[in-house]
Amino acid sequence: MTAPPKQTPPPPPSERQSDARPAATPTKSVSSNPTPPSASVRSAPPQAVSPPVKAGPTPPRLPATPPQATPPASSAGTGALVADDFQLGLYYQRSGDFDRALLHYRAVLQRNELNAEAHNNLGLLYKEKGLLDDAVREFQRALFITPRYVRAMNNLGVTFLQQGHPDAAAAEFNAALDADPRNVDAMVNLALAQKATGQTSDARGLLVRALTVDPRSAAAHYNLAVQYEQAGEAARALEHYRAFLQYAGADYVDRTSDVRARIATLEKRMK
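Converting from the sequence shown to the numbering used here requires adding 31 to each position, the first position being numbered 1.
It should be emphasised that the hints constitute simulated quantities derived from the structure, not laboratory data. Where is the CB? At the ideal position from N, CA and C, for every residue including glycine. Misleading hints may appear alongside valid ones.
Here are the computed lysine to aspartate or glutamate pairs in the EDC-like style, where the Cα-Cα straight-line distance is at most 20 Å [stated by the list, open to error]:
#, residue 1, residue 2
1, K160, D285
2, K160, D128
3, K299, D289
4, K302, E264
5, K299, E270
6, K299, E264
7, K160, D130
8, K302, E270
Ranges between beta-carbon positions, derived for each pair [unchecked claim]:
#, residue 1, residue 2, range
9, V239, L145, 36 to 44 Å
10, R142, D289, 43 to 51 Å
11, A210, L145, 16 to 24 Å
12, G127, G229, 35 to 43 Å
13, T231, L145, 37 to 45 Å
14, P178, E298, 43 to 51 Å
15, P178, G263, 41 to 49 Å
16, R273, R137, 40 to 48 Å
17, Q261, L134, 40 to 48 Å
Using the sequences and the hints, build the whole thing.
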């Protein structure tokens, strides 16, 4: 389906974020590090839910980039206060405390509205709560401030996918790959957007490419296994499901039992 063109990012916010938030389906995604993250939040652990498939298991949630935050030591000075609030926002976001994380990110932006990372992490916070319109706005603000912010591009694309706009999502993932051609998260997410628009062959090729860059990418192995299974290529599907189990970390703990069941089913079919 054709999605509306990417909205022109608004200028840096001059007002604090409103408490009114539209309801949306929540996805687990988190923040980025003070320096660029992984989900970016591989967004903390942001995991963008991949589009559902008609047959076989649903593709796994893709990480944006989980924040690696630890409780910061207190320090003095305005710059130190911003850093403290940012680190505390990361800490509470990772801990699942939405209200406290929101409070600290807003404090960062009150002192510096042009902090792109704070906008990105705030977007991930909204995304995790299912407030997708608010998330889109924050990612766009981050990109207005830092146009080549790959994490924000990836996170915006993931949010567009969740909203059902695969074409708009693909534009963001392509922009992320223009800025960082070896970004595996963007490759896997672009493959999901392509699959959602029927470009199965292109999606498969992109997943194979992702694995040449990072052979340990659990998300790439999983989605490639799903494609092979749907195409009736059981042996190849098994190979990639097994690789997924080998490399899957805590972000995919909810997928492992399903994958083991798929492996058992495929093995029976091949006997």
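Hint check results:
{"no.": "1", "hint": "K160 with D285", "verdict": "holds, 19 Å"}
{"no.": "2", "hint": "K160 with D128", "verdict": "holds, 11 Å"}
{"no.": "3", "hint": "K299 with D289", "verdict": "holds, 16 Å"}
{"no.": "4", "hint": "K302 with E264", "verdict": "holds, 14 Å"}
{"no.": "5", "hint": "K299 with E270", "verdict": "holds, 15 Å"}
{"no.": "6", "hint": "K299 with E264", "verdict": "holds, 14 Å"}
{"no.": "7", "hint": "K160 with D130", "verdict": "holds, 11 Å"}
{"no.": "8", "hint": "K302 with E270", "verdict": "holds, 16 Å"}
{"no.": "9", "hint": "V239 with L145: 36 to 44 Å", "verdict": "holds, 40 Å"}
{"no.": "10", "hint": "R142 with D289: 43 to 51 Å", "verdict": "holds, 45 Å"}
{"no.": "11", "hint": "A210 with L145: 16 to 24 Å", "verdict": "holds, 20 Å"}
{"no.": "12", "hint": "G127 with G229: 35 to 43 Å", "verdict": "holds, 37 Å"}
{"no.": "13", "hint": "T231 with L145: 37 to 45 Å", "verdict": "holds, 42 Å"}
{"no.": "14", "hint": "P178 with E298: 43 to 51 Å", "verdict": "holds, 49 Å"}
{"no.": "15", "hint": "P178 with G263: 41 to 49 Å", "verdict": "holds, 43 Å"}
{"no.": "16", "hint": "R273 with R137: 40 to 48 Å", "verdict": "holds, 45 Å"}
{"no.": "17", "hint": "Q261 with L134: 40 to 48 Å", "verdict": "holds, 45 Å"}
When held up to the earlier numbered hints, the structure conflicts with none and fits them all.
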